[in-house]
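A.B. asks: Listed here are the chains, written in short residue letters.
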Amino acid sequence: MHHFRAPDARRFISASLMIGVAFVVFGASFGVLSVSAGASIAQSCAMSLLVFTGASQMSAVSVIASGGSVASAFGGAVLLSGRNAVYGLAMSPVLKEGDLASRLLGAQWVIDETTAVVSAETDPAKKRTAFWISGAILYASWNIGTLLGALVGSSINPSDFGLDAAFPVMFIAMLAPHLRTINGKKAALFGAVIAVALAPFMPIGLPILVSALGMLFGLSPEKDVPTTSDGTP
Amino acid sequence: MTWTFVLALAACAYGLKLLGAVIIGHREMPLALQRCLLLIPAALLAGLIAKDTFTTGQHYAIDARAAGLAVAIIATWRKLPFAAIIVLGVGTTALIRVFV
Chain W
1 MHHFRAPDAR RFISASLMIG VAFVVFGASF GVLSVSAGAS IAQSCAMSLL
51 VFTGASQMSA VSVIASGGSV ASAFGGAVLL SGRNAVYGLA MSPVLKEGDL
101 ASRLLGAQWV IDETTAVVSA ETDPAKKRTA FWISGAILYA SWNIGTLLGA
151 LVGSSINPSD FGLDAAFPVM FIAMLAPHLR TINGKKAALF GAVIAVALAP
201 FMPIGLPILV SALGMLFGLS PEKDVPTTSD GTP
Chain Y
234 MTWTFVLALA ACAYGLKLLG AVIIGHREMP LALQRCLLLI PAALLAGLIA
284 KDTFTTGQHY AIDARAAGLA VAIIATWRKL PFAAIIVLGV GTTALIRVFV
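First to last, the protein sequences are chains W and Y. Heads up: the first sequence at position 130 corresponds to 130 in our numbering, and the numbers run straight through without jumps. Heads up: the second sequence at position 50 corresponds to 283 in our numbering, and the numbers run straight through without jumps.
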């Protein structure tokens, strides 16, 4: 890919490799948890290759692992992935330069981290370099991690290692960037309250779908509203 | 986990990315909808954390997982590397289960 030979490429490669290390660890954790929730190695890898949005993948596996229905696991995962549509708005000028095939591939790489890397740049050419380099490195890291984790996960008994505790730990790391605004904090607080309050009264997994309504408490106007030009999660 | 589930989720997740990046592109998406879509992860991820820490099935439970979560929150707040957050959080839960 010619983007790897562009001016400034080295800066984006090293920045992406830093995130990539975390992605390998993160992907491996997903692989272990996914296999322990009953997915096969091939299914776990297919999710990372085809779904490629960590929070949705982890959410689906978490709901299934705790005995929730397939429908609620699916609904929560799709709700979580809606934000990628908004990131896509900010990324569309970056993708518009390429042909249809590269736009279709590029769309798959529109996630929190690539959006953050691209949004830090102002020059259109640098934005393109940043997107394709971070996308390629993070996609590779996530999928390598998933494969390693799925292989390990299928050879151990995850509950022996306290790995069920890995779910909330993962989610904390994913939630942190969404708490930068007051509205994000409010939405999170009410989401947590809703999920816990409804747990005894609803089938497992359904309270998670309802917890998305916590975002209604974060809709009050404020100055630091995330917009498409901002793009960062 | 079934292949239908994996492929249907893949289609929806990719479809949403495609919607923003290629189909709508630089044209308008209602601002209210954008704000909702960007706020859902805060609410839903917090809901998942609460479920995975304080409930087992449909019952409340406070156990070693809560201690692991507390350590993970501190590690995240102190901006430790991702791998360290996982090792500390999961390790805390595992150690408590071994010794308590």
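One thing to keep in mind: the hints can contain errors.
As the list claims (entries may be wrong) - List of simulated lysine-lysine pairs, BS3-like, C-alpha gap at most 30 Å:
hint, chain 1, residue 1, chain 2, residue 2
1, W, K185, Y, K312
2, W, K126, Y, K312
3, W, K96, W, K126
4, W, K96, Y, K312
5, W, K96, W, K127
Don't read these hints as lab results, they were simulated from the structure.
A.B. asks: Give a verdict on every hint.
C.D. replies: For each hint, the structure was consulted:
1. W:K185 / Y:K312: 18 Å, holds
2. W:K126 / Y:K312: 28 Å, holds
3. W:K96 / W:K126: Distance ~14 Å between K96 of chain W and K126 of chain W Cα, so the pair holds.
4. W:K96 / Y:K312: 35 Å, violated
5. W:K96 / W:K127: Distance of about 12 Å is within 30 Å: holds.
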